[in-house]
Amino acid sequence: MKILLSKPGLDGHDVGVKVLAHGLIDAGFTVVYTGLRKTIEEIVDMAIENKVDIIGMSILSGTHLILAQKMKEVLAERKINIQWFVGGNIPAKHLEELRKMGASQAFPTGSKVSEVVDYFNSIKRTA
Amino acid sequence: MSDTKLKSTKRKTAKELNVKPVYLESGLEVNPVYTAEDVHPTDEEQEMPGEYPFTRGIHPSMYRNKPFTIRQYAGFASPEATNERFHFLIKNGQSGLNVAFDLPTQCGLDSDDPRAFGEVGRVGMTIDTLADFEIAFQNIDLDKITVSLTINGTAIILIAMYVAMAEKAGYDISKLRGTAQNDILKEFIGRGTWIFPVDKSVKLVVDTIEYCAAHVPKYSPVSVCGYHIRESGANPIQEMAYAFCIAKAYTDGALERGITIDDFASRLSFNFDIYGNLFEQVAKFRGGRRLWAKIIREEYGAKNENSCWMRMIAGGGGGGLTKEQPMNNIVRSAYYALISALSGTQTMALCSYDEAYTIPTEHSAEISLRTMQIMIHEMGICDTVDPLGGSYYVEALTNTFEEEIRKEMKTVEKWDGIINAVATGKIQASVSRQAYEREMGIQTGKVPKVGVNIYTREEESQEVEFHPYNQKAADDQIGKLKKIKESRNQEKVKHCLAIVKQEALENKNLMPSIIAAVKEYCTVGEIVSALKEVYGEFKEPIFFN
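Residue numbers (the working numbering), protein chains in the order written: chain A, 1 to 127; chain B, 128 to 672.
It should be emphasised that the hints constitute simulated quantities derived from the structure, not laboratory data. Note that the Cβ used here is the ideal one computed from N, Cα and C, for glycine as well. Check before you lean on any hint, since a few could be wrong.
Here are the simulated EDC-like pairs of lysine to aspartate or glutamate, each with C-alpha atoms no more than 16 Å apart in a straight line [said to hold, decoys possible]:
{"id": "1", "chain 1": "A", "residue 1": "K112", "chain 2": "B", "residue 2": "E451"}
{"id": "2", "chain 1": "A", "residue 1": "K38", "chain 2": "B", "residue 2": "E667"}
{"id": "3", "chain 1": "B", "residue 1": "K421", "chain 2": "B", "residue 2": "E178"}
{"id": "4", "chain 1": "A", "residue 1": "K2", "chain 2": "A", "residue 2": "D53"}
{"id": "5", "chain 1": "A", "residue 1": "K38", "chain 2": "B", "residue 2": "E178"}
If you want the ones that stay clear, here's a sample from chain A, every Cβ over 12 Å from chain B, calculated [what the hints assert, rightly or not]:
{"id": "6", "residue": "Y33"}
{"id": "7", "residue": "E77"}
{"id": "8", "residue": "K100"}
{"id": "9", "residue": "M101"}
{"id": "10", "residue": "R125"}
Label-pair ranges, simulated between beta-carbon atoms [stated by the list, open to error]:
{"id": "11", "chain 1": "A", "residue 1": "E42", "chain 2": "B", "residue 2": "M175", "range": "57 to 63 Å"}
{"id": "12", "chain 1": "A", "residue 1": "K2", "chain 2": "B", "residue 2": "H504", "range": "56 to 62 Å"}
{"id": "13", "chain 1": "A", "residue 1": "T126", "chain 2": "B", "residue 2": "A625", "range": "57 to 63 Å"}
{"id": "14", "chain 1": "A", "residue 1": "N50", "chain 2": "B", "residue 2": "G154", "range": "49 to 55 Å"}
{"id": "15", "chain 1": "A", "residue 1": "S114", "chain 2": "B", "residue 2": "R584", "range": "52 to 58 Å"}
{"id": "16", "chain 1": "A", "residue 1": "A27", "chain 2": "B", "residue 2": "N192", "range": "41 to 47 Å"}
{"id": "17", "chain 1": "B", "residue 1": "V661", "chain 2": "A", "residue 2": "K2", "range": "33 to 39 Å"}
{"id": "18", "chain 1": "B", "residue 1": "P639", "chain 2": "A", "residue 2": "E73", "range": "42 to 48 Å"}
{"id": "19", "chain 1": "B", "residue 1": "T387", "chain 2": "A", "residue 2": "Q69", "range": "52 to 58 Å"}
With the sequences and hints as input, model every part of the structure.
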């Protein structure tokens, strides 16, 4: 299973996304990381180019709803069916909103690396 | 400490005492007990505070004379709100402010740039043009308030604006005070607001140093940040070592321009992180301060004592705070404040207890402030200089830290220096691996963290207080920018940007041409675009090891 981890928007806090990248690599997943400050269009391009199975977005600055909406729109415009998830400083009340926008999962601050790994293992099994 | 030496003394090793070995975050083993034999007798033993190499502090009387400065970090969305805040502070007798900027300003994008959508004014003040600076500082006496600009990637433009504003208002810039963070090398390691390739980014920092040394000598153009490097995963030894390597890189650049060390070194300051083991942090600062003094005097030949000072802001690090049982963070922060004072800091700032999951409320910010004030007024922390001086343990660890930081700096030299180590991503890869290992240590319970992996309780998860984005304020800012763009002298704008570009090509100091450009209301985004055409952009090296 190949996962694209991304940093959309301008937020430069990348400790969390890099910790997760290490965790997923150690758990046997293939990880592609976009680096900082990518637009949603650039992220989707990279997802297609690298033929990944799922896109992850890491956001700390509070722009998660705006960026998730954009992700939904860009995927719809390009008629691409790919799962995506969000991680970062996300209030509990936004988790449901993110799912409604099409996020397959959202991991707020305090989530453990093992929870994310378990989640990917579960979708790997159902795939 | 070698085992053979230990055997001849009364001290026993952990093994002899049948207790578990203990290792600091830096990897150093800690003895169960220390004695005079652990403190190598040197001349420094009789060293006094305020005396080279300043292990015990940079001033003879330290806080007895004046307590450390309290300077909390604050962001206000608009120049208008910032101006209001300045007036409020001055009325209340305060004299300094640490200004945060929004991400578009930090990354060199104007408010009307599509990439800035959703970010205008979100995490700090927006600056598109000099007009915003003029609003923020309206009716403020720049002789009375000192402003600290937390800006890096676009620091040369914002320092230019500050100087331009002062010049336009008729101030004598040779007396102008203030500071800028302006430490771009650490941005490549953590925080991430880099724009240009590493060598060009450093060139711009050196431009500001050279310009300020000649024209704005009381301004502190650079504050080197170990803080963000540690927050990105570096251990306390690496935090100091990388910060010193970075400070040396800027210093070397400045010297190449013909500035003398004594013209510049006393304006350099540091920003460090505090969390974790109390004694390790104190030794880190004492050993680091001694080493920095030696580097400046022995390697650079500084004559002035104050050139050798490791002046610092050392505050409680966000990295030690937890989302779980957040009230515990008040206690943690009080310890961090104590560490900072025991280490002889010049300036202190604490993270608020709720900072691990939200933007601090007024209430939580007040608790941070009171924490520091209680320490100053009730704990006797200001009465005696360097109260831990002479402790066998602290002195031994101080010596070890001086040696270990020096060793780590040699490692960076082996990577062909800090500029290369950052450009190739070597440092980023190694600290991010360490951040992962540390986080897994906490998540698996190997590294104890109260409320997280020990003494936990079932509790309602702390809700993140969400600050709704103020789209109207963003639209107002964009409207204001549009008006300025229409009303300025377009010919002069074009001409100024062409000169910035030309002088970048000719490798000249860009401060004068950027000051000229901002005076004609060229935007941050326009100046950054002109420079990108010459310098290109940094390409982030990505690998995990």
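Are the Cα positions of K421 (chain B) and E178 (chain B) separated by 16 Å at most?
-> Holds - the C-alpha atoms of E178 (chain B) and K421 (chain B) are around 12 Å apart, at most 16 Å.
Satisfaction of hint between E667 (chain B) and K38 (chain A), Cα-Cα up to 16 Å | Distance ~12 Å between K38 (chain A) and E667 (chain B) Cα, so the pair holds.
Should the label of K100 (chain A) as a non-interface residue stand, given a Cβ cut-off of 12 Å to chain B?
-> 17 Å, holds
Below or equal to 16 Å on CA atoms is what counts here, so check K2 (chain A) against D53 (chain A).
-> 5 Å, holds
When you take the CB atoms of E42 (chain A) and M175 (chain B), is the distance between them in 57 to 63 Å?
-> At roughly 58 Å between Cβ atoms, M175 (chain B) and E42 (chain A) fall inside 57 to 63 Å, so the hint holds.
Given the hinted pair K112 (chain A) and E451 (chain B), is their alpha-carbon gap at most 16 Å?
-> 13 Å, holds
Assessment of proposed distance window 56 to 62 Å (beta carbons of K2 (chain A), H504 (chain B)) = 59 Å, holds
So is M101 (chain A) really clear of chain B, every C-beta pair being over 12 Å apart?
-> 15 Å, holds
Check on Y33 (chain A) being off the interface with chain B, judged by Cβ distance over 12 Å = Not fine: 5 Å to the nearest Cβ puts Y33 (chain A) too close to chain B.
Should the label of E77 (chain A) as a non-interface residue stand, given a Cβ cut-off of 12 Å to chain B?
-> 16 Å, holds
Could you check that no beta carbon of chain B comes within 12 Å of the beta carbon of R125 (chain A)?
-> 23 Å, holds
Pairwise beta carbon distance, V661 (chain B) to K2 (chain A), judged against the given window 33 to 39 Å | Holds - the Cβ-Cβ distance for V661 (chain B) and K2 (chain A), about 38 Å, lies within 33 to 39 Å.
Hint violations for this structure: numbers 5, 6, 14, 15, 16, all remaining hints satisfied.
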